[in-house]
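Engineer: Sequence:
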Amino acid sequence: MSQEIEIRFAAHPDDLTRLARGGALSGVAVGRATTRRMSTIYYDTKDLGFAKAGLALRVRKIGRRHVQTVKNENSGNFASERDEYECPLPSAEPDLRFVPDAGVRERLQAIANDTELSPVIETDISRTTRVLTTDSGDEVELAVDRGEIRTFANGHAALPVSEVELELKHGQTSVLYDLARQLSRETSLTVASESKAERGLRALEGREISTYKAGRTALSSDATAEDAFRATLAHCLKHITRNVSAVVEARDPEGVHQIRVALRRLRVALSTFGPSFRVAAIVELSARAKNLSDIFGDTRELDVFAGELLQPIEEAAKKPGLPQLRLILEALRRESWEGAVALVRSDDFTGFVLELASAIETRIWRGVAAPEQLGELLRPARELARETLDAKLKRACKRAKHLSSLNAEERHRLRIALKKLRYTAEFFAPLFPAKAVSAFLMRLSKLQDLFGALNDAATSEHILRRVTEHAGSNGTPELLEAAAFVEGWHQSRIGPTWDNAKKRWKKFTKTEPFWAA
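Residue numbers (the working numbering): 598 to 1114.
Note that these hints are calculated values from the structure, not bench results.
For clarity, every value in this text was computed on a predicted model and none was experimentally measured.
Heads up, the beta-carbon is just placed ideally off N, CA and C, and yes, glycines get one too.
Among the hints, erroneous ones may be present.
[Stated by the list, open to error] Calculated pairs, EDC-like style, for lysine to aspartate or glutamate (alpha carbon to alpha carbon, straight line, at most 20 Å):
(1) K810 x E791
(2) K1017 x D891
(3) K915 x E927
[Claimed, not checked] For each label pair, taking beta carbons as the anchor points, the in silico distance ranges come out as:
(4) R963 x Q706: 36 to 46 Å
(5) P685 x Q706: 14 to 24 Å
(6) S807 x E935: 16 to 26 Å
(7) P977 x D732: 38 to 48 Å
(8) E881 x R634: 41 to 51 Å
(9) P872 x T632: 47 to 57 Å
Generate coordinates for the entire structure from the input sequences, incorporating the hints supplied.
Structural biologist: What follows is the structure, given as structure tokens:
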């Protein structure tokens, strides 16, 4: 078995020739270019059992040779470490008997269950590679891929390939990220979290680009604080990168929402695990995450207003000014969306993602940790979880001390405290009994929904003001009347929503904290 450590980008076709020359990389010797044609066929069972298990089986023709490879496709990050099992074949047909790892071989055979394997995806790629060598002997392979992915069904769909990969062959992981950062500064590179196999399978099944929501972080019961920190950051990174295509290609509002949620979760994680982790680089990442989140926030607020706050009123009331209000709103949304897409494609965003990935892989906090701080890194994560969650809950309770008399700003601060509590609870959830965690998070989530509705009402006032200001002298009396009507509609719901929130708070305070047992 070998383990790939690689970074994959989507690139504009016009930039590939320059990238294939190695660009203007400093501090490395750029080796000679080798270009070869690679024809690869991916095989699976009739019901795509391998893909469902997170595995990819392929046979690649290289010259006169045929090489069979099994890859783990579950990493989900554009920068990933993937297990790879490779072996030569006597013919072009796949043969599970040749898989070198017994455990993987038995797993594949169990999924196949003696049924015939069928070709599902084919890639036809022209790959130009160069080896980049640093003065200290680190070796990174730069690969530039041009070609296409084709499916064997669903109308034989074809997808273009225009990618750049950097793979660490030998040396320090930090070198891989340094070179990737140099390339991203030089040309327009977009993070790519879907592999060729994943793109092909999506086309094969006729699926649209989907969004990715935060799931359960994988943590063992004996995890250290550092284990939990790295796993949480890695999950936040995955949450960000897996939604890039949903924004750039699909223009899906949920994609912007999920990236913004991921950035918020990341900021909470970066500040939650204690001072031993909060080195200068981590503090800088947190500040950059906030800046990115604020920019995406404008797009998200306009999307929510258009879909959740304005549309029900349009369906229920026939105000003459509502069509003009909608027209101006959609113009603001288009402008904001162009900015969001440009941001995801920007060097700022790519650089941020690379530096976050590098911090995770290199454990950047260890480089400046004092000897006495190493003990904090290795303390049991459950111990840290209890302390941290106690502090987050205490802070939320303090914000709610005089609940009935809270003004709008104080409600907002309570909402933020509850959100931080929820994210932190989700980070540490795998360390505690699932039933208790679920009960706590369910009540907290319902409470948060009500605070979210209160925040939406406040946001609607701000957006309506933007709409009327944008209209300027072209704003009709009907538009102003419609804006006032929409604002009044949502303001009228604040009282009942706040009453429900106070009731939910009482129920929540009776919930046993899952970490207290």
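Engineer: To test your reading of the hints: which numbers does this structure violate?
Structural biologist: No hint contradicted; all consistent.
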